[in-house]
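Enquirer: Following the hints, complete the assembly by docking chain Z with the ligand onto the known chain G.
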Amino acid sequence: MARNFINLDVNPCKMCMPMGAAIAFKGIEKSILMMHGSQGCSTYMRRHMATHYNEPVDIASSSLTEQGTVYGGENNLKKGLRNTIQLYQPKVIGVVTTCLAETIGEDIDRLINEFVAEEEIAKDITFIPVATPGYGGTEYEGYYLSLRKMVERLAEEGSNDKVNIIAGNLTPAEIRRIKEILESFSISYNLLPDISKTLDAPYSKDYQKLPDGGTTIEEIKSMGGAKATIELGALLDEKISAGQFLEDEFRIPLYRVALPIGLANVDKFINALSKVTGAKPDPKLTEARGRMLDAMVDSHKYNAQGRAAIFGQPELVYSIATLCLENGLVPALLATGAKTSKLEELLKKDFGLAVEDTVIIDDTDFDTIRDYVNKLDVNILIGHSDGKFITERDGIPLVRVGFPIHDRVGGQRKVTIGYDGSVNFLDEITNTLLDRKYSSYREDMYDKHFTG
Amino acid sequence: MSRSAELGTLEERKDSILRNSKQEKKDLKCDQNSVAGAVSQRACVYSGARVVLNPITDAYHLVHGPIGCASYTWDLRGSLTSGAEVFRNSFSTDLREKDIVFGGEKKLTAAIDEIVEAYDPKVVFVYSTCVVGVIGDDLAAVCKAAEQKYNIRVIPVQAPGFAGNKSTGYKAAGNAILELMDTNVTPLKKKGINILGDYNLAGELWILQGYLNRVGIEVNAKFTGDSSCEEIMRAPQAELNIVQCAGSMTLLAKKMEKRYGIPFVKISFVGIDDTIASLRKIAQLLGEQKIIDNVEELIKEEQAKVKEELEFYRQRLEGYSAAIYVGGGFKAISLIKQFNSLGINPVMVGTQNGKKEEYARIRDLTDEGTIILDDANPTELEKFMKERGADILVGGVKERPLAYKLGVAFCDHNHGRKHPLTGFVGAVNFAKELDSTLNSPVWKIIAKESGGE
Ligand code: SF4
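Those protein sequences? They're chains G and Z, same order as listed.
So in the numbering used here, spot 13 of the first sequence is number 13, and the numbers just go up one at a time.
So in the numbering used here, spot 370 of the second sequence is number 370, and the numbers just go up one at a time.
With the rest of the complex left out, here is chain G:
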């Protein structure tokens, strides 16, 4: 069963849709997000992001009150937008709904059209409305849906030599790594979104509330004329795929690849790049690949002792599962808080996953995950910080990856993608297994074999 209880979620392994939107919009140049709903939602998500990225994250709220809830939130939203513009002078405002706004039936598209018509200050600002009811999905869907809405609203017909890269929910450092790889192919690209600087800004003596960096409006516009799209996301539904929209609307060939973690997935990403550019990968990449192979051989026996539980958002779980499969580490449990049926399908198809070795559950919670972890003799957990709940109770070590990581520093700088990133990540996993082994094997052997 996917969850221990039918009507109860016990210890959530997911967040809500607007959270994904908040991360996606941080990757747009000089943008700020307005959450149409009550004050609390934005504050929660700001706190969640602040502890992970260690960056100030300002998110506006229309701060709906009782009155706005009964008579409609129009005044709150419009006033909120005016105030936000005054305080932040943004180029872009993402306007997303929360549970409350959706439940009272707010039509943000109409409200924004009105606002733009009414207000002089709205003239030079690009508004991107996205309906993200918290109950409609998780941060995973919220993230991709926001990207799709940006493209739907802005991409223009045209013809240029660029390649669109739709990034999954990666860390700022990983986005930087993606850029390095793109640059090694000497291609010009539109990278959406680009949180590399905005959520990991260098120290500067002049603090900027809306930091430099991020995808520009012009870049999003030109996505409609690009020669190809590579979308990092193998499991997402077509309806929330920006790449799918670009293909349907502008006939831009779409290459959908998984997050480039693990040999096969990095290969796929690099091959896609080779294909669309017609260029061979840089020798440096080939070398890094060779080094990865070498490293995999070096640690294969240690990895053979691992039984992992991998949890979090589907794309990450999928790619980490493949990394484990390639290295002889049994992915005993794959768990996502979001709904997905593709995980099993793809792993079977592409990696020959033997179903009897692996339990796959979606739309689940940590209470259920914990039960399986114990039942399946898992000896390593791989996922975000909330897994510490299991570590605390059952003593199984956790390798932190994904979002949120709020009880350790550096979550925003972690790199698990690319050949070198995958190797480093694999090393961390292997070392965690070794750590466990070395800390107890003397005693274990003594207990087992010493007869006096």
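Some clues are possibly wrong.
In the DSS-like style, the derived pairs of lysine-lysine whose C-alpha atoms are separated by at most 27 Å in a straight line are [to be verified]: (1) Z:418 x Z:432; (2) Z:386 x Z:448; (3) G:78 x Z:14; (4) G:209 x Z:444; (5) Z:444 x G:78.
Just so you have them, the derived chain Z footprint on chain G, three or more residues with Cβ under 8 Å [stated by the list, open to error]: (6) 32-40; (7) 47-59; (8) 69-77; (9) 99-106; (10) 205-212.
By construction, these hints were calculated from the structure, which means they are not laboratory data.
Cβ coordinates follow ideal geometry from the N, Cα and C atoms, glycine included.
Expert: Just chain Z with the ligand now, kept in the frame of chain G:
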């Protein structure tokens, strides 16, 4: 004079910002809804209720609503427990689209059934969130039916996020606690005291309880740090309520006074001066000479223990300027005093939910020119920290990255703390933490990079 309509602040926020002036007595506008689009640092009604009730160690906290609200508040407070661990779990009905359309009552009923069947609880708190307030689920009726069916307490906590602010949530939590206390009011014996408003962050309640035990005061019940449901049910028997976090618990204390005739006193164990004053006040109110003497003894002993260390830090801290941005006014007042005792000057003081009297007191305690703010936003915090040259910000974790980006040191005085900051030991920990951040070598490097010093 309150010149606040300067660049970077909104017209509508003008009256919630004050430049302290001893001549002109103008009240600060407070206790209002947040201004839309101002980027308030406040949370919501539900969170107010949840933070107060959550530390009750053996209660089941069921959030009736979509998953986000539950997810962001799971194990949200670092409250320690000496007993049950139940409260560290998150239970939610995880409402979906179809529940929003057809109503969530059935699901809630079924969720309670599942909790009862699996865990055999004595007390379940059921929180309503934003959407539940709109789709019209009758929380009270569902809870009541469950109480009758199972003969346990299932207490509704009415906390739709939009229906007020955090203080409204405190009130909702207070009402839920009253409900719990009314479960079986036994004959009142009037013995011992209740501690209200300490959430046992990093064991702070244990420190306080330790002091009280040492001087011969019996603690009857704790609200809500390291407490149990049963303990709260016997709270009406106490002879005195002491209120530590005034913002969240004063209203409840007033109601208990009316209902059970228990007088209350606001105390604070933040900082040495307030700790001493509070211990004396409690002893005085209880009136027993033995206790009064014991308190003096304890003060002497404890002070002797920390004196040298505090003096060491005071010397390292003297002359710095501090900005304070915390949840409630009562804590801000204690912090001002504590900073003063360390030779640090508070130049900006703000709170999320301060009360009028508290702001008046803050004005009395701070210097001419100190900026006082209610429900501030990052823009204002930035502006005034810069303008007033704050060296350190005391606040919650949301404000930390802002402080660091501005090259300002930071101390977490919110739920996130992992070492106690109250009582005599807490005062030392506080000074130590200030020292660790204010005197870190990184600031020298940063200053050099920025072309200063
Ligand atoms: S689940 Fe809904 S109400 Fe709760 S935080 Fe998310 S958007 Fe807000």
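Enquirer: Now tell me, hint by hint, if it's right for this structure.
Expert: Outcome of the hint check:
Distance hint between residue 418 of chain Z and residue 432 of chain Z is fulfilled; the C-alpha atoms sit about 13 Å from each other, no more than 27 Å. A hinted pair counts as satisfied when its Cα atoms are at most 27 Å apart, and residue 386 of chain Z with residue 448 of chain Z qualifies at roughly 18 Å. For the hint pairing residue 78 of chain G with residue 14 of chain Z, the CA-to-CA distance comes to about 20 Å; that is within 27 Å, so the pair holds. Only pairs whose Cα atoms come within 27 Å are accepted, and residue 209 of chain G paired with residue 444 of chain Z is accepted, the gap being roughly 24 Å.
A C-alpha spacing of about 44 Å is found between residue 444 of chain Z and residue 78 of chain G, which places the hinted pair above 27 Å, so the restraint is violated. Three residues within the 8 Å Cβ limit are the bar, and the segment 32-40 of chain G against chain Z gives 5, so the coverage statement holds. Look at the segment 47-59 of chain G against chain Z: 11 of its residues bring a Cβ nearer than 8 Å to a Cβ of that chain, three or more, so the hint holds. For the segment 69-77 of chain G, the proposed coverage by chain Z is satisfied: 3 residues have a C-beta within less than 8 Å of a C-beta in that chain, meeting the threshold of three.
Coverage of the segment 99-106 of chain G by chain Z holds [criterion: at least 3 residues with CB-CB distance below 8 Å; count 5]. Three residues within the 8 Å Cβ limit are the bar, and the segment 205-212 of chain G against chain Z gives 3, so the coverage statement holds.
Hint 5 alone, counting from the list given before, is not met by this structure.
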